[in-house]
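**Student:** Here are the chains, one letter per residue:
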Amino acid sequence: QLMDKAGPRWKKGKDGKDFAALAAAHPMSSIVAELQSSLKGSKLVATLSNQGRDATLGVNLQQATLLNRAAFGRALDNAEAGKQWFQLGAEEVFYLYHGLKCISVSESKKLLSEGELWDHLCSASESFPEMYKAYSHLRSKNWVVRSGLQYGADFVAYRHHPALVHSEFAVVVVPEGVEFGGRCGRLKVWSDLLCALRASGSVAKTLLVLTVSSSICELSSPDCLEQLVVHERTITRWIAQQCREQRCEPSREEPNNEEQDHTRETVVFNYWGVILGFTVLSSLLVYKLRF
Amino acid sequence: IKLRRFLAERGALVLLDDKDETVGMEEIYGKIARGSYGCSWDAFQAYRHLKLLGYIVGRYDVPWTMKQIRSGDVTNSPDSTDGSSQSFGKANGACNDITKLLKGMRIDGMYPTFKVHLPNSKFKKSSPGVPSFLVCLLRDKPPPRDELEMVENKFGGIPLKFCQVDNGRVSFLSFDKVTLPSLP
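Heads up: the sequence lines are chains A and B, in that order. Numbering-wise, my numbering puts 1561 at position 180 of the first sequence, and it's gapless, one number per residue. Numbering-wise, my numbering puts 21 at position 11 of the second sequence, and it's gapless, one number per residue.
Here chain A stands alone, though its shape is the one from the complex:
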């Protein structure tokens, strides 16, 4: 089942600029490809923090623009002329290193091998293997992936740059399989699942569950990434009241119907209250000015 039902919500530009067209004219794949070749050419080295969760990368201004356009990392405020520093998250570092193969990574001034980098990232975060697999799965389809923690999710996925479009999905990653050990996976109890559903709905995103499963695969090396399989599923709430006609579109998570009606009523009431109040006030004003 292809995911085009709800459709992307493009933001509105100044002077009615058409962001959807802008995005179409500059596909994410070409922005990322440009970034890749630019970084590769400069043989840049990102510095991993010794906690292993973030890295910093210094780039020239042209590369900074590309990093921003491709929505990787966060630009750091810095007065250094001609150079821009970026902070990259664990998945982003590994994607640039392993996925796009356009940077190297060092830690304590020593260049890290692929295995060493993997070990560092895994020891910093137990769930790194499945998080990275989910991240690279979406990125390789040219979705923009950012942290979703502020929405109670692991990631949020955008159809293009976050400045142009609202994110459609709140992504929760669920590991499946003995290899992932006794991790407390998400969505194992109703309270958690319905909480995630509610949280994503309140910010108008569809809850996308990426289950990362492994058959027989040791997670100790990045070679396991090829063996991991990502299953995509959405969890949506179905409102019986709204779907009594034929060809009903499943809605994004909506608040409980009672609340919805209440909210609607309140909004309508307030709207008329404002109109009424305004009318009264303006009449008073006119009255006062006349006399």
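Quick caveat, the hints were computed from the structure, so don't treat them as lab data. All C-beta atoms, glycine included, are put in the ideal place defined by N, C-alpha and C. One or more of the hints may lead you astray.
Sample of chain A residues lacking proximity to chain B, with all beta carbon distances greater than 10 Å (derived) [said to hold, decoys possible]:
id, residue
1, Gly1397
2, Asp1399
3, Pro1408
4, Ser1423
5, Lys1490
6, Gln1531
7, Tyr1532
8, Gly1562
9, Ser1583
10, Trp1619
11, Ala1621
So the derived list for chain A, only partly shown, Cβ under 8 Å to chain B, looks like this [unchecked claim]:
id, residue
12, Ser1410
13, Asn1523
14, Leu1568
Since the structure of chain A is already known, use the hints to place chain B on it.
**Tutor:** Showing chain B alone in chain A's frame:
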């Protein structure tokens, strides 16, 4: 069973036991609680929710009409304790015989409980057509991925909705398998 209960609750139906005495709501609710005839509170509440909205709901494993039943299991002698030979409109006498089928039927959480059609005044029990969707009742934990796949494969084609009942609050969820498109 559910239809009778539903109608009884709405005061539209009076159940008579085999002594021709009225069966009160207390007894009816008692039967639901005991899980008699494979009917549970959750199932009943889901049924009720949809019926009140006008959907056409039937038990998945029970045919719409008796004309579809050919097995010899069906008897006409009511030795069931809530046998009602009185029918008021929709509570047809077929319920009697259907209870026989329901007795002892085990309802697995990941097996559809209901088949549902959209509200349709032209609905015919003799030729109901394909259900608009099937309803599975959910248990105490969210369904794991492999169980979802198994149910989907068994009833391929017909959309599945999953019903979770919490203190009278009936929620329907869809766990749709999707494929995110590769973007340009």
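**Student:** Under the criterion of a CB-CB separation shorter than 8 Å, is serine 1410(A) in contact with chain B as hinted?
**Tutor:** Holds: closest Cβ of chain B sits about 6 Å from serine 1410(A), inside 8 Å.
**Student:** Test the statement that proline 1408(A) is away from the interface with chain B: the closest C-beta pair must be farther apart than 10 Å.
**Tutor:** 4 Å, violated
**Student:** Please verify that hint: leucine 1568(A), Cβ, nearest Cβ of chain B, below 8 Å or not.
**Tutor:** At about 6 Å, which falls below the 8 Å cut-off, the nearest Cβ of chain B leaves the hint on leucine 1568(A) intact, so it holds.
**Student:** Is it the case that tryptophan 1619(A) keeps its Cβ farther than 10 Å from each residue Cβ in chain B?
**Tutor:** 4 Å, violated
**Student:** Test the statement that tyrosine 1532(A) is away from the interface with chain B: the closest C-beta pair must be farther apart than 10 Å.
**Tutor:** 18 Å, holds
**Student:** Does the claim that alanine 1621(A) lies outside the interface with chain B hold up, using a Cβ gap greater than 10 Å?
**Tutor:** Given that some Cβ of chain B is not farther than 10 Å from that of alanine 1621(A), nearest at about 5 Å, it is violated.
**Student:** Using 8 Å as the Cβ threshold, decide whether asparagine 1523(A) counts as touching chain B.
**Tutor:** Since chain B brings a Cβ to about 4 Å from asparagine 1523(A), closer than 8 Å, the hint holds.
**Student:** Using Cβ atoms and 10 Å as the threshold, tell me whether glycine 1562(A) really stays out of contact range of chain B.
**Tutor:** 17 Å, holds
**Student:** Regarding the assertion that aspartate 1399(A) does not contact chain B, is the least Cβ-Cβ distance greater than 10 Å?
**Tutor:** Label holds. Min Cβ-Cβ 16 Å, cutoff 10 Å.
**Student:** Say whether it holds or is violated: serine 1423(A) keeps its Cβ farther than 10 Å from all Cβ of chain B.
**Tutor:** Holds, because the least Cβ-Cβ distance between serine 1423(A) and chain B comes to about 27 Å, which exceeds 10 Å.
**Student:** Can we confirm that no CB of chain B comes within 10 Å of the CB of lysine 1490(A)?
**Tutor:** 39 Å, holds
**Student:** Grab the minimum beta-carbon distance between serine 1583(A) and chain B and tell me whether it stays above 10 Å.
**Tutor:** 16 Å, holds
Figure legend: structure checked against the earlier numbered hints; hints not met, in rising order: 3, 10 and 11.
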